[in-house]
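Student: As a plain string of letters, each chain reads:
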Amino acid sequence: MKKETQRTTPFIYKLLAGLLLFVGMFVIACVFGAADIAVKDVWFALTSNAENDKISVIREIRLPREIAAVFVGAALAVSGAIMQGITRNPLADPGLLGLTAGANAALAISIAFIPSTNYFGIMIACFIGAAMGAIMVFGIGAMKKGGFSPLRIVLAGAAVSAFLYAVSEGIGIYFKISKNVSMWTAGGLIGTSWVQLQVIIPFILAGIIISLFFSRQLTILSLNEEVAVGLGQKTTQVKIVLFIVIILLAGAAVALVGNMVFIGLMVPHIVRAIVGTDYRFIIPMSAIIGASFMLLADTLGRTIHAPYETPIVAIIAMIGLPFFLFIVRKGGKAFS
Amino acid sequence: MIQPSLLKKQRILLFILIVLIFLTIFIGMGLGYSSISYNRLFPILFGQGTFKEEFILFSIRLPRIIITLLAGMALALSGAILQGITRNDLADPGIIGINSGAGVAIAVFFLFFPIEAGSFVYLLPAVAFIGALITACVIYFFSYTKKVGLQPVRLVLIGVGFSTALSGAMIVLISSAEREKVDFIAKWLAGNIWGTDWPFISALLPWLIVLIPFTIYKANRLNLLGLNEPVAIGVGVSIEKERVVLLLTAVALAAAAVSVTGGITFIGLMAPHIAKAFVGPRNQLFIPLAILIGGWLLLFADTIGRNLVEPDGISAGIMVALIGAPYFMYLLLKK
Amino acid sequence: MKKQLLPFMLLLVLLISACSSQSAGKKEEKDAPKEEKKSETITYQSETGPIEVPADPQRVILLSGYTGNVIRLGVNIVGVDTWSKNNPTFADELKDVEEVSDESLEKIIELEPDLIIAGSTSKNIDKLSEIAPTVTYTWGKVDYLTQHIELGKLLNKEKEAKKWADEFKAQAEAAGEEIRAKIGEDATVTVIEGYDKQLYVFGDNWARGTEILYQSMKLKMPEKVKEMALKEGYYTLSAEVLPEFAGDYIVFSKYADADTSFQNTETYKNIPAVKNNRVFEMEGNGASFTDPVTLEKQLAFFKKSFLGN
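Chain order of the listed sequences is E, W and P. Take 670 as the starting number for the first sequence in the numbering used here and just add one per residue. Take 252 as the starting number for the second sequence in the numbering used here and just add one per residue. Take 94 as the starting number for the third sequence in the numbering used here and just add one per residue.
The shape of chain E in the complex, shown without the other chains (with noise of 0.2 Å):
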């Protein structure tokens, strides 16, 4: 009892120490870009009625993508956190973990056999996918006993994803639809308006919602199986509610931006580092950091080439991969 308090009190000052950050994060991704903006004019912006060409920029333009920036970020960061912590993997992520492949391929599946569909049955459309990509890496991952080793299910999230790009391209090269494919699935942030977050934004925060009520339950689980079960835990209802979840979050997160890899990995580690291994802490400071380096990642982006944008796809891959690196070798003996 007394360690929890310990280790609680810090962590408040933590986690505002990481709202001062996404704060500091998310002004100055409104300020940077393409159009010349001061910081008085995001303030007016968010603040007042005032009206202007700056602040209408602001308001039409930069805020609803730093908005879907933020939520993705938090989705992605959040996913990939459960994910490492119910097959208690350092690597999985949901771009690895053949769910984003499975979003492209039920996106490639319904452009070309319902041409019609609106934005929420892309969303649907997308969801279904991840949760069949998914299924598939996990089923692979879960049919055999000590299934859930890094480098098995890395194999196979390699292969399931694979296969399903291999369906999408094959589907838009057959129906002539690769560039209506390739327009959701690269497009990133740009164009992001406020009726496609209406439609988005629920999904994420139900996930992040639901995911801060088992998180104590993750972390048994994340520990070992066996204590789980010994601690009267229904660990298969448990970990599919948290599957339901990585499915609302990084189907949601997909459906928005389209492929992205590398923050479910990381921002989960980074997270660890600050706050230790119990996850009540984890999932909240995970939203935190994962929107703000979404922010950062997205601000970069539009900065460097401004006003051509840099797809964030990209910059996070690039910045990925070394600390992809380092956790292969920090990690070295844990894997073999």
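These aren't lab readings, by the way, just hints derived from the structure by calculation. Heads up, a few of these hints could be off.
Derived list of chain P stretches under chain W, where covered just means 3 residues or more per stretch with a C-beta under 8 Å from a C-beta of chain W [claimed, not checked]: (1) 198–212; (2) 220–229.
Pairwise CB distance ranges, derived in the manner of DEER restraints [to be verified]: (3) E/Pro871 / W/Glu491: 52 to 60 Å; (4) W/Arg291 / P/Thr175: 29 to 37 Å; (5) W/Lys397 / E/Thr716: 53 to 61 Å; (6) E/Ile783 / W/Gln299: 37 to 45 Å; (7) E/Thr972 / P/Thr231: 29 to 37 Å; (8) W/Ile460 / P/Lys252: 32 to 40 Å.
Facing chain W, from chain E, some residues (calculated, C-beta under 8 Å) [what the hints assert, rightly or not]: (9) Phe680; (10) Ile681; (11) Leu685; (12) Leu689; (13) Pro759; (14) Ala835; (15) Val836; (16) Leu990.
All residues carry an ideal CB built from backbone N, CA and C; glycine is no exception.
Using the hints provided, position chains W and P relative to the given structure of chain E.
Tutor: Chains W and P alone, transformed into the frame defined by chain E:
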């Protein structure tokens, strides 16, 4: 000692495969947009066809058939070696980043160097080869530590990481390019058999002629490397040296193949596995089998793929992944 | 002996090609009819050297655009590339024409072409030349009217091509005069395109009507466009800065399936050209061509849009 019955089984299987390959070649020669009836094939082959018939057969279909066959063989051999030295049944030249390395090199070359009509076509494979080689070296460098040498598991994981990051780099490159150029790169990446002409065959063939006998000669070393390290050292194999030589062989084979065919995965994974399922894990037994299976599989996938959609067909790379990935998953389930 | 001759040979080749690029037009006009009667082939000075082509080609395959040029010159086409086939502008003319690519050699040989026109980056050029005389052009090497005249030379219809080019130029210039008289000498025009989720702005030689608007009609482009897009030909931009690039008039090449959500934003609606209803939307599909058929369509569109008739 190799059991005589196993040896006999291998001989029979080799024979069946060779027959199968010739059968597929024969069927493939007659399949395509222009129809050449099968009873015309032999007259054409012996030089009694019209200009059109000869052109279709000798300039279009045969080069493509031979290239796919050779590339499949090279990829299968490369996969067999990689699986041996990493002691990991799931290694494959595509999965450990060789394809994406070649892809990035192609994209960079295509976008930033002036294109000259004539030499351009022949430079591409060279560029892809260099890209693949550099990537493999970098991956090797990162998975090597002074203390323990090359760590097989790490090699695979770092390979996967590199593929992902290089695909990201590719997106950056592509996104700033013109649409027409993007189309070309996308086609290459999907494993659309690129080098369908005799010069490419003469570029690929020497690798195979040299490296197939070399690998079979080294098969016993591979057997030892496949056991655990202490045993191999005990028998007196200088592990690190053998490993580097064999790894280089594998990379050279894969790079040579990928450079003329575009990104093709799974052949290198599947062929050795199927072969092992028949004759067991002894390298000198299964490698020849794996080579033939690999060649036949790619040929088969391309024969189907190129006749599927108008006007260009579905890339062999996609066809192979469609056939190969389910098999791979089945393997993961069974293991 | 041979080695010593080589530099001279090269020099000679250079001289010939230099001369021919200037005077080939005149020469061929005289020579062509004679040759036609004799051998029914003419020699065309292509980018890659002289090449024998039929004087009166009957079955032409196009692998890299130039479709509208050939249609306007009245030559029969038997196969075109995917982009042309999907271009709504040519839908009627190409109804019964096959879709081919530089990889579908078998289909090409079955179509029995007597002339193939390809791009310099096309694959299999040496094999194509075995099937039929194959002429390649580097895209964007010469301007759009010269390109048409080049094709005219190739198809032995140089006169028609020149006539069309002169007439079109005159027409466009006349329309330009009228438009400038109406909208003012200093009024600026911006050409933008929404494709996928990206937004592009174009210089004066990047299709989408830019050749007509800027080169022939001599309309002004906004300073910012001149600065960023003129040299490169096109420039990708963010919807945020679109107002900076917007001229007094905007020509918007719009793809039906592209993301155009920015059109609903206040930022966009507050652009003066938008407020004043000075945005002209044209079909993006097919707008990237610069052949006579497309150009005439575009000229008519601009006349209608700017002058209201």
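Student: A separate judgement is required for each hint: does it hold in the structure or not?
Tutor: For each hint, the structure was consulted:
1. 198–212: Check passed, 5 qualifying residues.
2. 220–229: Held - the stretch 220–229 of chain P has 4 residues with a Cβ nearer than 8 Å to chain W, which meets the minimum of three.
3. E/Pro871 / W/Glu491: 52 to 60 Å: 57 Å, holds
4. W/Arg291 / P/Thr175: 29 to 37 Å: 31 Å, holds
5. W/Lys397 / E/Thr716: 53 to 61 Å: 59 Å, holds
6. E/Ile783 / W/Gln299: 37 to 45 Å: 53 Å, violated
7. E/Thr972 / P/Thr231: 29 to 37 Å: About 35 Å separates the Cβ atoms of E/Thr972 and P/Thr231, which means 29 to 37 Å holds.
8. W/Ile460 / P/Lys252: 32 to 40 Å: Violated: the Cβ-Cβ distance is about 59 Å, outside 32 to 40 Å.
9. Phe680: Check failed: Cβ of E/Phe680 comes no nearer than 31 Å to chain W, outside 8 Å.
10. Ile681: The hint is violated - E/Ile681 has no Cβ within 8 Å of chain W, the shortest such distance being about 35 Å.
11. Leu685: With a closest approach of 33 Å, the E/Leu685 hint is violated.
12. Leu689: 30 Å, violated
13. Pro759: 11 Å, violated
14. Ala835: 4 Å, holds
15. Val836: Since the shortest Cβ distance to chain W is 7 Å, the answer is holds.
16. Leu990: 4 Å, holds
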